[in-house]
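*Asks:* Take a look at the letters that make up each chain.
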Amino acid sequence: MGYDPNNPMEGRITDLGPPKYEKFLPPVIKNNKGKWLYHEIQEPGIMVHVSETGDEVYTVRAGSARLISIELIREMCDVADAHCDGYLRFTTRNNVEFMVDSKDKVGPLVEDLKSRGNKFPIGGTGACVTNPVHTQGWVHCHTPATDASGPVKAVMDDLFEYFGTMTLPAQVRIALACCLNMCGAVHASDIALLGVHRKPPMIDHSRISGVCELPLAIASCPLGAVKPAKAEVNGEEIKSVKVNAERCMFCGNCYTMCPAMPLADPDGDGIAILVGGKVSNSRSAPTFSKMVIPFLPNTPPRWPETVDAVRNILEVYIKDAKKYERIGEWAERIGWEKFFEKCNIPFTDKSIDDYRLAYDTWRTSTQFKYTSHIK
Amino acid sequence: MGYDPNNPMEGRITDLGPPKYEKFLPPVIKNNKGKWLYHEIQEPGIMVHVSETGDEVYTVRAGSARLISIELIREMCDVADAHCDGYLRFTTRNNVEFMVDSKDKVGPLVEDLKSRGNKFPIGGTGACVTNPVHTQGWVHCHTPATDASGPVKAVMDDLFEYFGTMTLPAQVRIALACCLNMCGAVHASDIALLGVHRKPPMIDHSRISGVCELPLAIASCPLGAVKPAKAEVNGEEIKSVKVNAERCMFCGNCYTMCPAMPLADPDGDGIAILVGGKVSNSRSAPTFSKMVIPFLPNTPPRWPETVDAVRNILEVYIKDAKKYERIGEWAERIGWEKFFEKCNIPFTDKSIDDYRLAYDTWRTSTQFKYTSHIK
Amino acid sequence: MPKHDTPLLDELESGPWPSFVSDLKRQAETKPECWDILGQLELSYKDKITHWKHGGIVGVFGYGGGIVGRYSDVPAQFPGVEHFHTVRVNQPSSKYYTTENLRAIMDLWEKHGSGMTNMHGSTGDMILLGTRTENLEPFFWDLTHKLDQDLGGSGSNLRTPACCLGQSRCEWACYDTQEACHHLTMHYQDEIHRPAFPYKFKFKFSGCPNDCVASIARSDLAVIGTWRDDIRIDQASVKEYVAGNIPANGGAYKGGDWPAFDIKDEVLDLCPTDCMWMEGDELKIDNSECTRCMHCINVMPRALRPGTDMGASICVGAKAPILDGAQFATLVVPFMKISKDNDFEELIDFIEQVWDWWMEVGKNRERVGETMQRIGLPTFLSVMEIEPLPQHVKEPRSNPYVFWKEEEVPGGWERDVAEFRKRNAM
Amino acid sequence: MPKHDTPLLDELESGPWPSFVSDLKRQAETKPECWDILGQLELSYKDKITHWKHGGIVGVFGYGGGIVGRYSDVPAQFPGVEHFHTVRVNQPSSKYYTTENLRAIMDLWEKHGSGMTNMHGSTGDMILLGTRTENLEPFFWDLTHKLDQDLGGSGSNLRTPACCLGQSRCEWACYDTQEACHHLTMHYQDEIHRPAFPYKFKFKFSGCPNDCVASIARSDLAVIGTWRDDIRIDQASVKEYVAGNIPANGGAYKGGDWPAFDIKDEVLDLCPTDCMWMEGDELKIDNSECTRCMHCINVMPRALRPGTDMGASICVGAKAPILDGAQFATLVVPFMKISKDNDFEELIDFIEQVWDWWMEVGKNRERVGETMQRIGLPTFLSVMEIEPLPQHVKEPRSNPYVFWKEEEVPGGWERDVAEFRKRNAM
Ligand code: SRM
Ligand code: SRM
Ligand code: SRM
Ligand code: SRM
Ligand code: SF4
Ligand code: SF4
Ligand code: SF4
Ligand code: SF4
Ligand code: SF4
Ligand code: SF4
Ligand code: SF4
Ligand code: SF4
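Chains as they are written, first to last, in this note's numbering: chain A, 1 to 375; chain B, 1 to 375; chain C, 1 to 426; chain D, 1 to 426.
Isolated chain A, as found in the complex (with noise of 0.2 Å):
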């Protein structure tokens, strides 16, 4: 049997849900669930959770481009059949996890791994870059104002030795978004890059009508600079909308709601760089990222204004930043203004909020360190 077109309802089965987990452990990980002890990360990308029981479970981690091909996930399949009796899994930042249920087995799994090229490079633990989120771009997103796949590969060639190693003065998380929309957590991520748009929405008003409802185009702008307007269509008078540009912030919002009004373009879009977000409750509270550099040029397939961008923060945090101190801790500990001056930024008005809650962000204090920046 199978799908037949003709009679679709026909023997449909539905909200089954996705497998029970327990299917999936490991018999190491199923065993001792609840009663691990702790864990140690022996060295970059391998660690061990001892079990009350006694049992210990060795992980090995590897990265991944996360957009990856099923001949590739078959071939880690081949590495878990190997080595881990079946079964392996994947973080919550993309990289691959293989267990193994005794330390002897850890050296051939490794040998295994780094005999396939760069397909599994060995890391993402501890005080180290891991594998960045990121999101679709280019590959298969309809409104991305940068690619995510092809920076992010330029960003983690560039900063590859802090992937397998756990020299940095705290994790690093860099994360991509390709548009506002933001998929992932990149508002909340120590090093964000993020697409946007500078030009406002076109709009095709020989389309519009057929595509949009004008009534939500027009809600949709968190401005107000969608507005209701006439235009011209083949010499006949159509209802349509028109965009005040001056109101714009480039959102996109206006692009979700209505395909006739594209944003993106070769010039106008490019990569935010944002800075100091995090997520985890440790020491401070979670805190959003702030953006630094407002724009830089989409420039594939390697962009390196971007990959630099990143890499000399990060080279700035690591000589300056103390142990357990992440970037946007290190950030505030020395003052924002510091942070400029030591990464060598160029402050502009495009770092001064001003949007809904602007006014909890101005300096209402005559606390201030004296920088290169006051002349």
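FYI, nobody ran anything at the bench for these hints, they're computed from the structure.
All C-beta atoms in this analysis are idealised placements derived from N, C-alpha and C, irrespective of residue type, glycine included.
Treat the hints with caution; some may be incorrect.
[What the hints assert, rightly or not] Subject to a maximum C-alpha distance of 20 Å in a straight line, what follows is the list of computed EDC-like cross-link-like pairs (lysine to aspartate or glutamate): (1) D:K46 / C:E419; (2) D:K25 / B:D15; (3) D:K340 / B:E22; (4) B:K375 / C:E419; (5) B:K35 / D:D229; (6) B:K323 / D:D269; (7) A:K30 / C:D416; (8) C:K422 / D:D73; (9) D:K200 / B:D15; (10) D:K264 / C:D265; (11) D:K422 / C:E82; (12) C:K340 / A:E22; (13) C:K46 / A:D267; (14) B:K319 / C:D286; (15) A:K342 / D:E289; (16) C:K200 / A:D15; (17) B:K319 / C:D230.
[Stated by the list, open to error] Listed below are several chain A residues computed to face chain B (Cβ distance under 8 Å; list not exhaustive): (18) A285; (19) P286; (20) Y355; (21) L357; (22) D360; (23) T364; (24) S365; (25) T366; (26) Q367; (27) T371.
[To be verified] Pair by pair, the computed Cβ-Cβ distance ranges are: (28) C:P7 / A:G54: 54 to 60 Å; (29) A:K230 / C:E385: 48 to 54 Å; (30) A:A229 / D:K340: 37 to 43 Å.
Chain A is already provided as a structure; the job is to place chains B, C and D with the ligands on it using the hints.
*Replies:* Same frame as chain A, now just chains B, C and D with the ligands:
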């Protein structure tokens, strides 16, 4: 000659400005201006400033009700004439200061002040409760929700011991403003008493046309709660306004703009307590006071609920805070949940912000302390 | 399908990080439509713009989500990606797989799709990347019938819940994140598959405040493990740490050029509440001051453990920036027991109270956090029938603009201005 | 005027704090209208409500401010306060007086007014409390002709400027607050007396970041002394402090039950930037990290002093809560030399630039801080022709909503959708 009502412009002098301050500086002050090296508070209310010339000035500070008579001011002048070569000054918190240029003049000056009953209590320096800044209240203003001089007198009678000693963890600035206009820096005081209304304005339709410009009254409301409306006055329909009481937050701005919209009410009005504000940039940046008790009733002549509330907060602070820690710095350190618990102040939804920048005050982390509030 | 020249993309084949370009090329050998993925992407690299059309409403019968429609705007050049819909397959809790299962899914995707995937999507699903409309139902048939598996969410519905690995491999998990995630996913199959909300709604489950699934940043409802008794201390291990016999922070700093472990610098002084101290070689914690930030536990996992009276903090309303700026989730229930024993009843009650209200008052495309902002936290708490707590806020309000209610004010609001004027002339 | 029974107010005659009631009673002996002040206030104490009518526009010819009109709503009972206008007399800088001057003013007020005052008003003026309309001009005549003095501000004008005592008696003043205050008051007599602004505007001058005139909390323009070189250290005195020979904080804690002075606890550890340390018994400061908060100087005034390259930070826009919530003033010019030598030219230029703009774009009853909020800080800086500095903000923006300008974007904003469609079909 003199003012001639029939010839008002004749001989008129304007724009003189205040007298030049130099004329009023005691010689030791004038001679050493800009040359002071250091100071020391010798005992509560008595300080010496030492100049690089070797000169010294001794200042004796005395409390004052601020609402004072010309007789009392003349008495101050008597003291200044007797001891200070005819000079005196007032502080930015309405204390009066008598200065002498040598140590041996201090004793007689102090004796004199002390001999005058409770008119000139010596104190108000260092880690004390100094003179509360306050406003007009029922003595002069048209918008108050409470009196000013009365509650201040009642509070200071109770806290008098802390005016003339320096035993607090840090300086404590108390202030009172009789309505939300907040004349004075109540919004940045260690302890602020704030007159608040709780009933929406009435509309005096019979008078509104004569005394208000309706568009201004309507525009005055920050929440758009005042709307145009018709009303009947003596059988005639007139243009007036109505108030959407559900949207009113009792700010009184409509009454400021339109006398026909009175808010004040014996039961509706009372005092809110806000704490933890500061102005100085010392250690921490200037900080707004936070509302911890949203309402206490107006209970003249001695406002016992208010007096008790202030003392309670002060006593808990004294026991718990570290040296140099202002009330707000203390509350920040222990956490506001602990502040409420330690002070045994019930927490209500009224202390949760729901105005414009409210989101920034929500707790967006899992970091909190358990208190008795959590069942 | 023809092989395209991809000089730009080819430059992404060098370098030590795994190359998605090389991977695509390899896959193209058996799935030639991958050449068209490469070809169209190359064109985007040249044009610096996406070549996907806007949206496209496709799906499987009876479901309102799980598929994201996508069409090429240059289909003539790249017919292999003319249709290029993604399929979101609901991942198992914590993303453990057997190779058997994974291979079976890959086989399905070889049969019905492009051969490319995202492992995983940001929300948590397996993303099967790119197929034609006519393949959707056959794929779904096979998925359900052969693998007993199902799609995840998309659209204005409950999105695929996700969790950290929790008790499965972490010593700090304060409740069973996997079970909670799975149970709720099953409980709310209808809400996942049939959009009935004002907008999307996301659950995420982290076992402790380290929040390894970033729930507080990106879920409308974040369940974050915590405890309410005392941190467990093993003083013997404390001494081992102090002696330098156990690497700090579970070895996370191995390789760094750091001085020898110093408990004062690395633990006591970094405790945000300053509630730890040494008495001789004993470590002391004033647990009533501890905010369970995890730092000390992170640094000394063999000496310190969360308490035993465990549960979770429930935070509501995180979201990405569109429209009003990003929000973290706000602490709404400081502590809740999260237990399978009663089928997560308390949590489910809470969720449904949130939904009932949000479905009633939420505007179209308004995330729950935005609705909370619009009506204000006090009102939200009152409709949720939650007692306001100082824990709900970082600090009390600093403006004096309180919305009193009529019943709270003696005498109410009705007053007679004529009476008033008798005592207060104008 | 009859003496009224004031049983409620009488209760405010007891207690150690000076009693305004006793004072009023004493004054009533020579100025019987004070009985009516007491009488009407007693009525307010009974009724729990004010008995003053709303407003009342009175003044002296040619001035738009300086007098606040006030009428009783129970004039029949209390004819002595039927009219009860206050007069704001501009105080001298830092409120030093000769008894001669003060007595002369009191004599005038005995002649023309109620005999009651506020020394001083919150803005800084001497407030002469209560007189009749017909007394205003005669009082003003005497004030100007006999005393060479003038009224202060009220209404939508420049309000009476005020300052801390500064160099006159404080070792920390980084510029001459008295002179700056006086000079600007004289320079702007017209602006003080003739309302031409959208709303009130206040100047306040503090000599250092301790801000003893609370300028950052309540002035539209706050001039707060600071320095840009190094804190001066007298190491010999540091040793004296450490030895306990000089009381900490200028003696401000005498009487408190505190442990012996500990430079680490009381200074180093409380430095907000952690930029101080001891090298042996030498105190070291990394001045490039110092934010000049004053704490260390406050605690050790004999060992530490501000640097010698002094000036001020200029902060703009403080105000009380109506309408949008209170604002502190925002740092706009981190450092400006404030010097009499060039008649405060730089400061005056700055002020006028603010005014020119605010008078043009400020709405009626909109404080400058509110206008700044409405248009946004970046736009404000750009109209002020001030280069944006990281010092202007506590932190960079966290939302991504940047208003790019057309000229900043290559190719501008004009695009041809038909051209676009050629490459990106729909
Ligand atoms: C495997 C994974 C969970 C999963 O379900 O997949 C995981 C696993 C562990 N995390 Fe995590 N974390 C994982 C994502 C996260 C995230 C989420 C994210 O990055 O998107 C966070 C929040 C990030 C943030 O704050 O921005 C996270 C914040 C932490 C922290 C807090 C660190 C801090 O100081 O802020 C710890 C504690 C520590 O490392 O000291 C921690 C600790 C751990 C421990 C040590 C827990 C344990 O006892 O086993 C695990 C190994 C750590 C390591 O990799 O060094 N994990 N961890 C995730 C691995 C991602 C990866 O492949 O790189
Ligand atoms: C006389 C006066 C200035 C004037 O022009 O009149 C003044 C005078 C001095 N202040 Fe002040 N301050 C005066 C109002 C203020 C204010 C304004 C206010 O309270 O409205 C503040 C800001 C208050 C706030 O932060 O909320 C103020 C915050 C300070 C500070 C910072 C204290 C802190 O730790 O936050 C210091 C430094 C100190 O005391 O250690 C200081 C220090 C001083 C010194 C020691 C300065 C000196 O070297 O002479 C003076 C004597 C202090 C004392 O009274 O203990 N002064 N001082 C004001 C006296 C008010 C009174 O009668 O009580
Ligand atoms: C596939 C995925 C990105 C990825 O590469 O992993 C994704 C892709 C899209 N997201 Fe997302 N979002 C994805 C996770 C997220 C997340 C992260 C998360 O769920 O943890 C967020 C931020 C958290 C949040 O929900 O706020 C996110 C915030 C958005 C938003 C902004 C929502 C908002 O309230 O601000 C939109 C816009 C919208 O809904 O119209 C959006 C919309 C979209 C759309 C459907 C585009 C659109 O405008 O309709 C994207 C389809 C891309 C494509 O062509 O395949 N996506 N999106 C993620 C889902 C995979 C999965 O199911 O596992
Ligand atoms: C007399 C004085 C209070 C006192 O007892 O000291 C005072 C009294 C009044 N103030 Fe004030 N303000 C006084 C200093 C202040 C201050 C403090 C300051 O200047 O440092 C503030 C807060 C700082 C600020 O300007 O924001 C202040 C903020 C207000 C406001 C709110 C303004 C705002 O933008 O939010 C109003 C309402 C208005 O302007 O309509 C107001 C209005 C008033 C009026 C004119 C009432 C009104 O609604 O028209 C009061 C007249 C009272 C009366 O009957 O005498 N008063 N007012 C102070 C002036 C004395 C002086 O000249 O020295
Ligand atoms: S971030 Fe924007 S462009 Fe990227 S996948 Fe999400 S919605 Fe698409
Ligand atoms: S991009 Fe955003 S701000 Fe600009 S018009 Fe569209 S919705 Fe409005
Ligand atoms: S605070 Fe309000 S009531 Fe009090 S004096 Fe100022 S304006 Fe009048
Ligand atoms: S009191 Fe304030 S909120 Fe209420 S109606 Fe008047 S202006 Fe509006
Ligand atoms: S969130 Fe906590 S329980 Fe879950 S994996 Fe991370 S550290 Fe472990
Ligand atoms: S968990 Fe955090 S707050 Fe609690 S004791 Fe440890 S470091 Fe301190
Ligand atoms: S502000 Fe500074 S200079 Fe002025 S009196 Fe206060 S401490 Fe002295
Ligand atoms: S002035 Fe403040 S910041 Fe500067 S060294 Fe002293 S305490 Fe530290």
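*Asks:* Determine for every hint whether it applies to the structure shown.
*Replies:* Status of the hints after comparison with the structure:
Restraint check for K46 of chain D and E419 of chain C: the C-alpha separation of about 17 Å stays at or below 20 Å, so the hint holds. A C-alpha spacing of about 36 Å is found between K25 of chain D and D15 of chain B, which places the hinted pair above 20 Å, so the restraint is violated. At roughly 15 Å between alpha-carbon atoms, K340 of chain D and E22 of chain B fall within 20 Å of each other, so this suggested pair holds. As the CA atoms of K375 of chain B and E419 of chain C are separated by approximately 47 Å, the hinted pair breaks the 20 Å bound.
Distance check on the hinted pair: K35 of chain B and D229 of chain D sit about 19 Å apart at the alpha-carbon level, within 20 Å; holds. At roughly 12 Å between alpha-carbon atoms, K323 of chain B and D269 of chain D fall within 20 Å of each other, so this suggested pair holds. The straight-line distance between the Cα atoms of K30 of chain A and D416 of chain C is roughly 74 Å, outside the 20 Å bound, and the hint therefore fails. Our distance criterion of 20 Å between C-alpha atoms is met by K422 of chain C and D73 of chain D, whose separation comes to about 10 Å.
Pair hint K200 of chain D plus D15 of chain B holds up; C-alpha atoms about 18 Å apart against a cutoff of 20 Å. Using a Cα cut-off of 20 Å, the hinted pair K264 of chain D and D265 of chain C holds, with the two alpha carbons roughly 16 Å apart. Restraint check for K422 of chain D and E82 of chain C: satisfied, since their Cα atoms lie roughly 17 Å apart, inside the 20 Å limit. With a CA separation close to 15 Å, the supplied pair K340 of chain C and E22 of chain A stays within the 20 Å bound.
The suggested pairing of K46 of chain C with D267 of chain A holds, with an alpha-carbon distance near 12 Å, which does not exceed 20 Å. Between the alpha carbons of K319 of chain B and D286 of chain C the distance comes to roughly 18 Å, so the proposed pair stays at or under 20 Å and holds. Among the hinted pairs, K342 of chain A with E289 of chain D is consistent with the structure: their alpha-carbon atoms are about 12 Å apart, no more than 20 Å. Taken as a hint, the K200 of chain C and D15 of chain A pair is honoured in the structure, with Cα atoms around 18 Å apart against an allowance of 20 Å.
About 26 Å separates the Cα atoms of K319 of chain B and D230 of chain C, which puts this hinted pair outside 20 Å; it is violated. Taking 8 Å as the C-beta contact cut-off toward chain B, the hint placing A285 of chain A at the interface holds, the least distance being around 4 Å. Annotation: interface hint on P286 of chain A holds; nearest CB of chain B at approximately 6 Å, less than 8 Å. For Y355 of chain A, the interface hint is violated, since its Cβ never comes within 8 Å of a Cβ in chain B; the closest pair sits about 12 Å apart.
Evaluation of the L357 of chain A hint against chain B yields a held restraint, the C-beta minimum of about 5 Å falling below 8 Å. Taking 8 Å as the C-beta cut-off, the interface hint given for D360 of chain A holds, the closest approach to chain B being about 5 Å. The interface hint given for T364 of chain A is met, as the beta carbon of that residue sits about 6 Å from the closest beta carbon of chain B, less than 8 Å. Interface hint at S365 of chain A: satisfied, since its Cβ lies 4 Å from the closest Cβ of chain B, which is below the 8 Å cut-off.
Here the hint on T366 of chain A is kept, as its CB sits about 5 Å from the closest CB of chain B, short of 8 Å. Interface hint status for Q367 of chain A: upheld, as the beta-carbon distance to the closest one in chain B is roughly 5 Å, under 8 Å. Checking T371 of chain A against chain B: minimum C-beta separation of about 18 Å lies over 8 Å; hint violated. At roughly 57 Å, the beta-carbon separation of P7 of chain C and G54 of chain A lies within the given 54 to 60 Å, and the hint holds.
Against the hinted window of 48 to 54 Å, the Cβ-Cβ separation of K230 of chain A and E385 of chain C comes to about 50 Å, which satisfies the hint. As the Cβ distance of A229 of chain A to K340 of chain D is approximately 59 Å, the hint placing it in 37 to 43 Å is violated.
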